[in-house]
Amino acid sequence: MSDSANVSLKTAEAASHRTHLLKRMLKNPTGLVSIIILAVIILAATFAGVLATHDPNYADLRNLLQPPGGEFILGTDGAGHDIWSRLLYASRFSLLGAALATVISAVLGVTSGLIAGFYGKWFESLAAWTTSLLMALPGIVVLLAARSVLGPSMWIAMTVFGVLLTPAFYRLTHAAVVGVRNELYVDAARVAGVKDLSIIGRHILSVVRAPVIIQSAIVAIIAIAIQAGLGFIGMLDQSTPNWGSMLNDAFSKMYVAPIQLLWPSAAIALTAVGLALFANTLRDELERSAKPKKLKGKAKAAADAAIDTSGDAPIVHPETDALEAPVLLDVSGLVVGYDQPDGSLTQVVNGVSLAVRKGEVHGLIGESGSGKTQTAFSILGLLPEGGRVAAGSIVFDGDQLTDKSAKAMRKLQGRRISYVPQEPMSNLDPSFPIGSQLVEPMRVTLGISAKEAKERALDLLAKVGLPDPEKTFRSYPHEVSGGQAQRVLIAGAISCEPDLIIADEPTTALDVTVQADILDLLRGLQQELGVAVLIVTHNFGVVADLCDRVSVMKGGRIVETGPARSIFAGPQHPYTQSLFDAILEDGAARGALAHSSDRHTATGGAQ
Amino acid sequence: MSTEASQGREPLLEVTDLVVEYPAKGIGRKPFRALKGVSVDVMPGECVGLVGESGSGKTTLGRAVLGLAPVTDGSVRFKGREIGQLNRRERRSLSDSIQVVFQDPYTSLNPSLTIEQTLTEPLRVKNIPAAEASARVRTLLDQVGLPANAAQRLPREFSGGQRQRIAIARALALEPELIVCDEPVSALDLSTQARVLELFKDIQEATGVAYLFVSHDLAVVRHLSHRVAVMYHGEIVEYGDGDKVTSDPEHPYTQRLLMAAPVADPVRQAQRRADRARMIEAQREADLQAGAA
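Order-wise, the sequence lines are chains A and B.
Its first residue numbered 1, the first sequence is counted upward by one per residue in our numbering.
Its first residue numbered 1, the second sequence is counted upward by one per residue in our numbering.
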């Protein structure tokens, strides 16, 4: 179990993650279609000079409103322009106009977003004000005003529009940068002496790159739409052909040659669809993660047939006291697994058997990945998405829990089995006062009135050692400390007089002095209420403090189990022994620093 | 505050009456004072442990030494040079002297850079040629007990303990004289923690680097530190020989801290629990008498 071994296994999986995003886009059918559409339009616009059969501005007055076909591929418009040629050039100008707007807003927005997000201070406030101001401005009115002052040029209109769209990029970049600027790896780069510009380029820009591409596609669609709108109402310079002015032209001849409306509309629609599909697929590819499928029927049976519970039987320490209390919770041969997309089952618990007697505290101890929390969650019926009890049984007070419906489980949860979580803060809803979070469950599970429930809640808060129950009852979760929040959750856990409390690392997130207080509280309540407790932890001190019985878990199996005193006095499994060896408490101190000349001998001796 | 170990030698790091204040949100509100005049010193090759609970200011002290927290008052001297108020450019020149290992091995490595890219970053800043840099990466990986082929992998392919080894390798890349270790083992499993601590010890004995070692765990600090400072509410309440502070403390807070950690032995833990209850009662009475007097 050396942490430096075991590196080579995951190479294949990692390689697939590293395949280039563009390759993944090309493999995705929608992505491929969008890229083809955009490529065709861009190529047509680029090679307009080659593909066009006529000068786009040459008006052939002998051939007005010709139907498609013949010399004029798409016919001619009301002024005698060749529509095919004009459409190609219009694409060029429309796309360039949209690109201008997008580039201006992206450059301004991303730059200001990076600076504001990374450095903060006055620039951030200024940028926030400017952004809000820009967003409050009515875009079309500004564009019309700009036209009357600066003239009908499409380029000017698109520049102004680009500035107006800056907030879209600013907000995106700023949010992303704020998300990473306090990441420890950014701090580490600073300490390593990396210049700010390099940090931004290496560690921060990479985070916003993909979202900026997606945003650009969306902004380009908006720019094309606005540009077409302005052209359509005749606000753009007629000498540069564009889709909007072509629409305007066609609209005036709608009753004579309705088909002319089709070409610019189709160009606008195709471009917008291409960009939108591109943006969506890119986002999907970025967020893609293989979701486990729920296996059914044959596939499930096949996966279940492959369940592996082989392994050494746990070392069982003999009972020291006579067993008086009956078994409350009896788990046997429990297998918990996660269904994989390929139909196999990844086992995290491989045949665990344990028994919790009435009124006893049972410690389930192990390191991360040992399956201890998965075991506890399967008893609570709260396995995360994709996880299921694949084999074995969980019998609680004579009731088989594994084949109970979610609804039937809810009747047990909170009423007979309750739960104390690891992170007290994230298990309280920040938007409701603490009191209501205690009262509501009691009203539902015990069927008592709001008034009764409140009295009971105040009693419980006093019972868990909160100095001012009334005040805590009215407080919001952010107004209490982590230790107090854990007391509140313990109050919630005992509120319905359960028979079994499952506590998942209940003191791990707390300071050591607070942990000692919470352990005292748990022990006191347990003795007073006679409730059975299954406590999941990685801390041998916590086990020594609370538990009557211990099960040591490793790799989804219990390797050693028995009365706590017996295991602490003589651990027999090599793994348990190695854990005991790793405990630092009561180990030798390092001692004072010797002078550098004799450091080697001195510190060597101190170990 | 110097002990016998420091006699006749210049301290590597000397923090004197350090005050760190964070500005409060909103105009006219009092800033938050995270450190209220803290003095600590680290000798070359020494490990000084900083122990305290959340909110005690221990992490802030480490960050102030690294230039990541605002120094409001007092001084931070490194080899006699004042480094408390350096600008970013001056600060960068210190990168080959002071380095850091952070607590969370999951967020302290950029997930999109390979291990080699992460480890060569500090080397590139010093304009070390690419060939020499990748040779150095292999040495560093070897030094922290990782295989050489780890260089081309991404952080997600490694466990918590392995990531912390990578973070240690990054800190060692520029051969610093001082490494600020901010809770470097508290996110690790028990057995991994023990091995990483041994690695810290071995590296110190091999290279003579000094550590400012921040932790909430008295046992971890005791294991590695020559001297220990105990922090409480932004102040150092006890400071001295590591063995003495962690086994026979004088300050009531350190006593509470020591007694709060449960012992991994049911019989002795029952004893400690009773001792703790007695001690807290005695301290409360003493407080009451002090209040009445």
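Don't take every hint at face value.
[Stated by the list, open to error] With a straight-line Cα cutoff of 20 Å, these simulated SDA-like cross-link-like pairs (lysine to any residue) come out:
1. B:K25 to A:V273
2. A:K463 to A:G392
3. A:K121 to B:G28
4. B:K201 to A:P430
5. B:K126 to B:R92
6. B:K201 to A:A594
7. B:K244 to A:G69
8. A:K195 to B:G28
9. B:K30 to B:P70
10. A:K195 to B:E21
11. A:K121 to B:R29
12. B:K36 to B:Q85
13. B:K126 to A:R190
14. A:K121 to B:E21
15. A:K195 to B:K244
16. B:K79 to B:R63
17. B:K126 to A:L525
18. B:K201 to A:K454
19. A:K407 to A:P433
20. B:K126 to A:P384
21. A:K195 to B:R29
22. B:K36 to B:A24
23. A:K358 to A:E440
24. A:K471 to A:P430
25. B:K25 to A:V514
26. B:K36 to B:R89
27. A:K23 to A:A44
28. B:K126 to B:P70
29. B:K79 to B:E21
30. A:K407 to A:R388
31. A:K195 to B:K126
32. A:K454 to A:E440
33. B:K244 to A:R190
34. A:K121 to B:T72
35. A:K358 to A:E528
36. B:K244 to A:L584
37. A:K411 to A:V395
38. A:K463 to A:L525
39. A:K253 to A:T373
Please keep in mind that the hints were generated in silico from the structure rather than gathered at the bench.
Going through the hints against the structure:
1. B:K25 to A:V273: violated (46 Å)
2. A:K463 to A:G392: Since the Cα atoms of K463 of chain A and G392 of chain A sit roughly 38 Å apart, the hinted pair is violated (cutoff 20 Å).
3. A:K121 to B:G28: Holds - the C-alpha atoms of G28 of chain B and K121 of chain A are around 17 Å apart, at most 20 Å.
4. B:K201 to A:P430: Roughly 43 Å separates the two Cα atoms, so the pair is violated.
5. B:K126 to B:R92: The given pair, whose Cα atoms are some 10 Å apart, holds under the 20 Å limit.
6. B:K201 to A:A594: Answer holds: K201 of chain B to A594 of chain A is near 14 Å, not above 20 Å.
7. B:K244 to A:G69: violated (99 Å)
8. A:K195 to B:G28: The given pair, whose Cα atoms are some 34 Å apart, is violated under the 20 Å limit.
9. B:K30 to B:P70: holds (16 Å)
10. A:K195 to B:E21: Violated: K195 of chain A and E21 of chain B sit about 26 Å apart, past 20 Å.
11. A:K121 to B:R29: Roughly 17 Å separates the two Cα atoms, so the pair holds.
12. B:K36 to B:Q85: At roughly 17 Å apart (the allowed maximum being 20 Å), Q85 of chain B and K36 of chain B satisfy the hint.
13. B:K126 to A:R190: holds (13 Å)
14. A:K121 to B:E21: Holds: K121 of chain A and E21 of chain B sit about 16 Å apart, inside 20 Å.
15. A:K195 to B:K244: violated (43 Å)
16. B:K79 to B:R63: Holds, at about 18 Å.
17. B:K126 to A:L525: violated (60 Å)
18. B:K201 to A:K454: Outside the cut-off at roughly 55 Å; violated.
19. A:K407 to A:P433: violated (27 Å)
20. B:K126 to A:P384: violated (47 Å)
21. A:K195 to B:R29: Not OK: K195 of chain A and R29 of chain B at ~34 Å, beyond 20 Å, violated.
22. B:K36 to B:A24: OK: K36 of chain B and A24 of chain B at ~16 Å, within 20 Å.
23. A:K358 to A:E440: violated (28 Å)
24. A:K471 to A:P430: Holds: K471 of chain A and P430 of chain A sit about 16 Å apart, inside 20 Å.
25. B:K25 to A:V514: Distance ~29 Å between K25 of chain B and V514 of chain A Cα, so the pair is violated.
26. B:K36 to B:R89: It is violated: about 28 Å lies between the C-alpha atoms, which goes past 20 Å.
27. A:K23 to A:A44: Violated, because 24 Å separates the two Cα atoms, which is more than 20 Å.
28. B:K126 to B:P70: violated (26 Å)
29. B:K79 to B:E21: violated (25 Å)
30. A:K407 to A:R388: Measuring from Cα to Cα gives roughly 16 Å; hence the hint holds.
31. A:K195 to B:K126: Cα-Cα ~11 Å, so holds.
32. A:K454 to A:E440: Holds, because 9 Å separates the two Cα atoms, which is no more than 20 Å.
33. B:K244 to A:R190: violated (36 Å)
34. A:K121 to B:T72: It holds: about 18 Å lies between the C-alpha atoms, which stays within 20 Å.
35. A:K358 to A:E528: Holds: K358 of chain A and E528 of chain A sit about 13 Å apart, inside 20 Å.
36. B:K244 to A:L584: holds (16 Å)
37. A:K411 to A:V395: Between K411 of chain A and V395 of chain A the Cα gap is close to 15 Å, so the pair holds against 20 Å.
38. A:K463 to A:L525: holds (9 Å)
39. A:K253 to A:T373: Judged against 20 Å, a Cα distance of about 73 Å means the pair is violated.
In this structure, the hints that do not hold are numbers 1, 2, 4, 7, 8, 10, 15, 17, 18, 19, 20, 21, 23, 25, 26, 27, 28, 29, 33, 39, in rising order.
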